[in-house]
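Chains A and B, in that order, are what the protein sequence lines are.
Quick note on numbering: this note's numbering labels position 50 of the first sequence as 50, and the sequence is numbered without any gaps.
Quick note on numbering: this note's numbering labels position 24 of the second sequence as 24, and the sequence is numbered without any gaps.
Treat the hints as calculated values from the structure; they're not laboratory data.
Computed from a predicted model, the values in this text were never measured in an experiment.
Where a beta carbon is used, it is the ideal one built from N, C-alpha and C, also for glycine.
A portion of the hints provided could be inaccurate.
Unchecked claim - Partner residues aside, some chain B positions facing chain A, computed with beta carbon under 10 Å:
hint: 1; residue: MET1
hint: 2; residue: ILE48
hint: 3; residue: MET64
hint: 4; residue: LYS68
hint: 5; residue: ALA87
hint: 6; residue: GLY92
The chain contents come next:
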Amino acid sequence: MLTKKQIFTRGMLDISPHMLSVIPFGIICGAIGVELGFHPYLVYAMSFIIFGGASQIVFLQLLSGGASSLVAVASVGIINSRHLLYGAVLSEYLEKLSFVKKLLISYVVVDQGFAESNKFFKKNRGEEFLHYHLIGTGCTMWVCWQIATLSGIVLGSFVPEELGLKFAIPLTFIAIVVQDLKKLDHVIVMITCGLSSLLFFDAPFKSYIIISPIIALFVAALLLRLKK
Amino acid sequence: MTLTAIIFAGILTYFTRMTMIALISRDMLGDKIKAVLEYVPSAVFPAIIFPGIFINDFGTFIEMNDPKIFGALVAVIVGYFSKNIIATISAGLISYWFLIFVVFS
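With the hints as extra help, turn the sequences into a complete structure.
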């Protein structure tokens with residue numbers, strides 16, 4: 001049995017390599033917000049209140065482009081609706097927690113944290129304090145995201161735009177799924193999702209981000225049926 | 001005004017995170033659904049990866065000889081064999097930079 005502290009530390013260590021892409025992206029997000037003409041406090045408030053990477057940029061871009069608040073809020077909700085899928089996967093491992101603890105831990109569920117904690121959960125089902133891994137990944141992400149967006153707000157875009165550091169985001173997610181390329185069923189699901197996301201990219205409210213996973217999960221269900 | 005919108009967006013985002021964790025119990029998800037949920041990472045992350053590579057800042061498709069495609073391929077190969085996140089990201093970025101700063105400049 002690992003102690004709470006050991007599992008928390010594992011979570012921190014497991015997500016920290018992703019900070020290589022998260023920190024530059026956070027700086028860019030903060031800088032873009034100020035460049036678009038929003039008050040620095042508002043730009044920072046988003047990192048605390050929404051705490052959701054790309055959805056924060058989309059929100060500000062929509063508002064500055066003249067979209068109504070309703071459209072901007074709806075887009076953030078749709079972009080972040082993928083968390084529902086993460087929650088459905090994680091709920092199995094977090095079941096024993098009290099309702100209040102579930103409410104608290106939910107705030108720090110992020111893409112990379114979900115991915116790394118889910119990998120850890122699958123391998124260590126028997127551990128008693130599993131959820132400390134999720135707290136470890138989530139808190140690391142939270143602290144780095146706050147510092148990165150704040151630096152971007154205060155210092156402006158000191159990361160040269162020519163470096164194209166936004167490209168680090170797809171790379172971070174490649175690192176997450178690349179080992180599943182060994183399994184044909186996963187490859188089919190990934191290609192389905194990827195192609196759907198390009199096909200539906202222009203769908204309203206950025207909904208490609210949830211439409212394509214749903215299509216891919218239907219394909220996964222079909223594959224499971226064929227396997228039997 | 002904007003702050004109100006941010007707060008609503010934050011509440012909505014929090015609900016997307018909390019709903020399935022706090023309001024769903026194991027019994028509500030059958031074995032079949034759980035088997036499908038195994039595929040969630042493979043079914044969600046390509047929707048971030050593909051547009052991040054193939055669609056530019058203006059929302060249009062990139063050319064097929066874009067350095068990002070090459071960088072992503074290098075990242076896939078390095079990631080597959082090294083199983084290392086930092087190596088994967090660095091390999092993708094460095095090969096991308098090599099093309100834009102050395103080859104195409």
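- [ ] Run the structure past the numbered hints and jot down the numbers of the failing ones, going up.
- [x] Those not satisfied come down to hint 3.
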